[in-house]
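> These are the residues of each chain, in order.
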Amino acid sequence: MWDVAPFDVESLAPSGRPDPSPEVEAPYRRYALTSSGVSPRLLPGFTAHLVGADSHEHEASGHITEDLSVRPRMVEKRRRKASLLFDEIVAPELDGEGRGGLLLVCWGSSRGPVLETVRMLRESGVPSSLLHFSQVWPVNPDHYREALWKADAAVAVESNASGQFARLIRRESGFRFRHRVNRYDGLPLTPRFILEGLDAANLLNAEEVLHGRGR
Amino acid sequence: MVEVDDFGRFETAWCPGCGNFGVLRAVKKALANAGIAPRETLFVSGIGQAAKTPHYLRCNFFNGLHGRGLPVATAAKIANPSLHVIYESGDGCTYAEGGNHFLAAVRRNPGITAVVHDNQVYGLTKGQASPTSDPGFATKAQPGPEGVVWRPFNPLATAILHGVSFAARGYAGRLEHLSGVLERAFLVDGFALVDVLQPCPSFNHKNSFGWFNERVRELGPEHDPTDRDAAIALTESGEEEIPLGVFYENREAKPFEKRHPGAAGTALALAGRDTDRQAVREMMESFF
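Taken in order, these protein sequences are the chains called A and B.
For the first sequence, the numbering used here begins at 1 and goes up steadily by one.
For the second sequence, the numbering used here begins at 1 and goes up steadily by one.
Keep in mind the hints are simulated off the structure, nothing from the lab.
Just so it is clear, CB atoms sit at the ideal spot from N, CA and C, and this is done for glycine as well.
Please note that the accuracy of each hint is not assured.
[To be verified] For the chain A half of the interface with chain B, some residues (derived, Cβ under 8 angstroms), not all of them:
1. S15
2. V51
3. G52
4. D54
5. H63
Please put together the full structure from these sequences, using the hints given.
Structure below.
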């Protein structure tokens, strides 16, 4: 009766809330320069320490500054933090063999129609895989390089005119998509649209796949 | 016992003779007199010279985006009602870029004090007209002889019309009076707007200390701040005689954080960390 499985409520992780009153040394500095780049976070009003946050460039205390030597140190701190994030990148999902055959690459909410297309192709005897990115930045080429280079034809399927993600992947990994399916008429991607795009790229015959399924 | 010196002394980026110095001194004095210690405060500001005030105070602070201080302050008050949340920014940030947030704040009546440094000009960007600039005020962007051709925004009347808890006008050139008004405002349980007339000697050569000193008049006991019509009339006094003081008090208005169904009553940070799975499941199933 349902198109999707009920959401697994039991899998919900506890919500991340900061410890309201951890032990920290005085003087407390919200943006203290640390080797990891991550600074101790306090909430205002729960400890003896004062907490300041600012949208401008700031000193470790959070106060604004026009001292130019502060800026490079804060930029370097943010880069150290970013390198921690790099280790926690969510790898793309590979559904299928990933070697030879068609590889449809997509991201975000395109997953549903692209996965449906991949399944229709397999039922029609066309070896096909899905590579879906739920995280689009940052990306780690080690996660997807092999799948892209080992496919017979990798196709970037996107809901934009210019192939934004395909271009990002090229910049980050050097891989150049030879085929793209782009929808930019304002409607969501559907299997029919994707199959017709693959047909237009001379990768298959869309009518055979659509009729092969009795549609 | 809280002392003025608890709030520290800092070098500022303000011009010599700026009205902001008087507002800063009055704020510190009012906090000390009200017995509010630095760690009990949260100052929230936007962008502008006035918005730098939290950097010249020992306090908790959040200095964010232009015009966006009031929603942050409102949320912070709901998240931790025990904090004294004080919004402090200028007339441009509050009434122009933050105009819609100002309207939402006067309708919601959150328990925060808004100290608006009203110098009737954009000082940070060197002298364009603001929403409270006088008609005919000439600037580089609104050149004479016409100058400003819009009607000025009336923030106090807007707040009073919407029944906020407290609406007052102060003046940066009357430190004792201003700190007295602020002290009362800090202790209001609801939205307290204090619009502070603040001369800008660099970019507003009309509304100077001398100009204000000849015109301001402190309200006496004959004014009843629960009289809404009288309060609104004070905001339309014209510029011959400019009243100062507590224009309006609405003692029946309840603060947003005590009426909002989502507000926990205690600080969110102290609320339970576990997800109520049953509640989530019931909500999900309500869509089946």
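> Does each hint hold? Answer for all of them.
Status of the hints after comparison with the structure:
no.	hint	in the structure
1	S15	holds, 6 angstroms
2	V51	holds, 5 angstroms
3	G52	holds, 5 angstroms
4	D54	holds, 5 angstroms
5	H63	holds, 5 angstroms
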